[in-house]
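Peer 1: Spelled out, the chains give:
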Amino acid sequence: MQDELIAIKGLNNGLLISLSPTESWQSVTDRLAARIDERAEFYSGADITVELGERPVPKYELSSLKALLERRGLTLSLVRSKSDTTRESAQSLKVPTENRAAAARPPASTLETAPLNSEETGAEGVLFRRTLRSGRTIHSDGHAVVIGDVNPGAKVVAAGDIVVWGKLRGFAHAGASGDESAIICALEMSPSQLRIAGYFAAAPTGKDSGLKPAVARVRDDEIIVERRD
Amino acid sequence: MGGKVVTISSGKGGVGKTTATANLGISLAGLGKRVVVIDADIGLRNLDVIMGLENRIVYDLVDIVEGRSKLRQAMIKHKKFNDLFLIPAAQTRDKMAVSPDDMVTLTDELRADFDYILIDSPAGIERGFRNALEPADEVLIVTNPEVSAVRDADRIIGLIEAADKGPGKLIINRLKTELVKKGEMLSSDDVFDILGVTIIGIIPEDELVLSASNSGVPVTLNLQSKAGMAFNNVARRVIGEDVPFMNLDKSPGIFQRLVQLLDGR
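The listed protein sequences correspond, in order, to chains B and W.
The first sequence maps to residues 137 to 365 in the numbering used here.
The second sequence maps to residues 21 to 285 in the numbering used here.
Some clues are possibly wrong.
[Said to hold, decoys possible] Examples of chain W residues lying across from chain B (beta carbon under 10 Å, computed):
no.	residue
1	Ile145
2	Val170
3	Arg171
4	Ala173
5	Arg175
6	Gly178
7	Leu179
8	Ala182
9	Pro187
10	Asp213
11	Ile214
12	Leu215
13	Gly216
14	Ile220
[Stated by the list, open to error] Result set (BS3-like, lysine-lysine): computed pairs, CA atoms no more than 25 Å apart in a straight line:
no.	chain 1	residue 1	chain 2	residue 2
15	W	Lys24	W	Lys53
16	W	Lys100	W	Lys53
17	W	Lys189	B	Lys291
18	B	Lys195	B	Lys230
19	W	Lys246	W	Lys53
20	W	Lys97	W	Lys24
21	B	Lys291	W	Lys32
22	W	Lys246	B	Lys291
If you're looking for bench data, these hints aren't it; they were derived computationally from the structure.
For clarity, every value in this text was computed on a predicted model and none was experimentally measured.
Ideal Cβ positions, reconstructed from N, Cα and C, are used throughout, including at glycine.
All chains, full assembly: derive it from the sequences and hints.
Peer 2: Laid out in C-alpha cells, this is it:
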C-alpha cells in the first residue's frame, strides 16, 4: 500500500515513521493513528523515530503526537527534523533530536531499510561455492549452503538448516545445537548419514532412492526424507 | 621459468603412482623431452627399481639437500634415454629430512635444464606429500576404479585445491572393462561423477605391467601393451597434444556374440 501521508519502516532498534511535511497536520496524525490501530499488537512496545522533514511543528502539536503514540504503547525516542522550531519543540519535551531527513542520505546499511515483514534480517550463515571433498568440513553457527556436491567423507554441520545445491553424499548435521525444526535439502539425497538435532538416519536404501531432490526433517521423533520431484 | 614441475600423487598407496611416474618419464623422454624424475618417497624408495636403475645409486635426494652431493652427481642417467634422469630417494632416512622449501629450491634449479620435472609423491597426506606438492605446477592424481581409492583421491584433490594448485588431473589406473560391464567395478564415468576433475588417462589392467616393473623396463617400452600405449597417450596429453581415448573394449569374438544373441542381450 502506497501511503502519501505516512510511511512506516523497520529499523534495527524500532520503527521509523515518516510524516509528510506538506499535508495538514490533522490528516497526517489521524492517518497515523489509524495505521497503528490496524496492527496494534504488532506495533506495541516499539521505539519510534519520527521523521518530520521541513515541517515546523510547534510544541503543542508534537506533544499531542507523543501522547498519541504513548496511548498505543509506543515510545517516541527520536525526532528527525530539518526545522529549528520542531527540534526546539522536541527538546522542550525532552525527546532527543537529529537534524536530518532520512531520504536525504543513503541508509548506512541495508538492514536499516529492511522491510518490516522481512523473514530474516541477516541471520549468520556459510555459503560454500565448490565441491566439498572428502576430509573437508563446514561448520556454521547459522545456516549452511553448499553450491556444489558434498562428497563421501565430507561433513557439513550447521546450527540451522543445510541446503545442498548438488549431490549430498557425505555427512550432514542440521540443527546441531538442538533445533529439531531444522531441515536438510539436497538436489540428490544420498548421504552417508543425516543428523537433525539429536536424531540420526542412515543412508536411504535402494538404488535410486537418493536420486531426486529431497527434504529431510524430524517428524514424530524420527528423521523422514520427502522426495520433491 | 623453463621446465614444468608435474607431481604424481594419489593419497592411497598401491594404486600405481610410481609405475605411472616411471612410464610417464620414459614416454616424455621418448617424445624428445628432457626429463628428470624425482622419487620423493624417502624411506620407501622404489622408483629406481621400476626404472631399472637401482644398482647405479651413489647419492640421493637427502644427500643433495644436506649438501653432501652436487645436484648433477646425484642424477642417474637412464640406460636408454640420454635426456632422462632419476633423482632417487634416500632409503635410510625419513620424510622429515626434506622440507617443502628444499623441494622448491631443488626444482627451481632443475627448471633451467629440463622440460619436465616429475615428482613421485609418497602415499598419505603428511610431510612427504607436502614436499611433493609444494613445487608443483600441475598435479596428476592416480586412482583405481574402486571406492576406497576414489575416496582418498577426493581427499587429495581437496588438499591440492586448498594449496591453490588447481584441482589436478586424473589418471584412472587398472580399469578392467569386463568387470565394469558386469557392474562390479566403477566405470570411468562413475569416478568422474564423484571427483569432477578432468581425466587425463585411463589405463587398462595389464599383466605386462607387473613383469615390466619387476624387470626394470617400464611397460611403455613394450609396444604390445595396451597399458603402455595408454601411458604414452597420457604423456602426449601432458605436453598438450589432443589424443582421443582408446577404445578399451575388445570386440567380442564370434562365439561370445552367439552366446549374447542366445541370451537375448
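Peer 1: For every hint, state whether the structure bears it out.
Peer 2: Hints, one by one, checked against the model:
1. Ile145: 8 Å, holds
2. Val170: Result: holds, 8 Å to nearest chain B Cβ.
3. Arg171: 5 Å, holds
4. Ala173: 8 Å, holds
5. Arg175: With a minimum Cβ separation of about 4 Å from chain B (threshold 10 Å), the hint on arginine 175 of chain W holds.
6. Gly178: Constraint on glycine 178 of chain W satisfied, holds at 3 Å.
7. Leu179: Given a least distance of 8 Å, the restraint on leucine 179 of chain W holds.
8. Ala182: With a minimum Cβ separation of about 8 Å from chain B (threshold 10 Å), the hint on alanine 182 of chain W holds.
9. Pro187: 9 Å, holds
10. Asp213: Holds, because the Cβ-Cβ distance from aspartate 213 of chain W to chain B comes to roughly 8 Å (cut-off 10 Å).
11. Ile214: 6 Å, holds
12. Leu215: 8 Å, holds
13. Gly216: 6 Å, holds
14. Ile220: Constraint on isoleucine 220 of chain W not satisfied, violated at 19 Å.
15. W/Lys24 / W/Lys53: 11 Å, holds
16. W/Lys100 / W/Lys53: 14 Å, holds
17. W/Lys189 / B/Lys291: With a Cα-Cα distance of about 24 Å, the restraint between lysine 189 of chain W and lysine 291 of chain B holds, given a limit of 25 Å.
18. B/Lys195 / B/Lys230: 11 Å, holds
19. W/Lys246 / W/Lys53: 22 Å, holds
20. W/Lys97 / W/Lys24: It holds: about 19 Å lies between the C-alpha atoms, which stays within 25 Å.
21. B/Lys291 / W/Lys32: Roughly 20 Å between the alpha carbons, so the hint for lysine 291 of chain B and lysine 32 of chain W holds.
22. W/Lys246 / B/Lys291: Violated. Lysine 246 of chain W to lysine 291 of chain B sits at ~40 Å, over the 25 Å cutoff.
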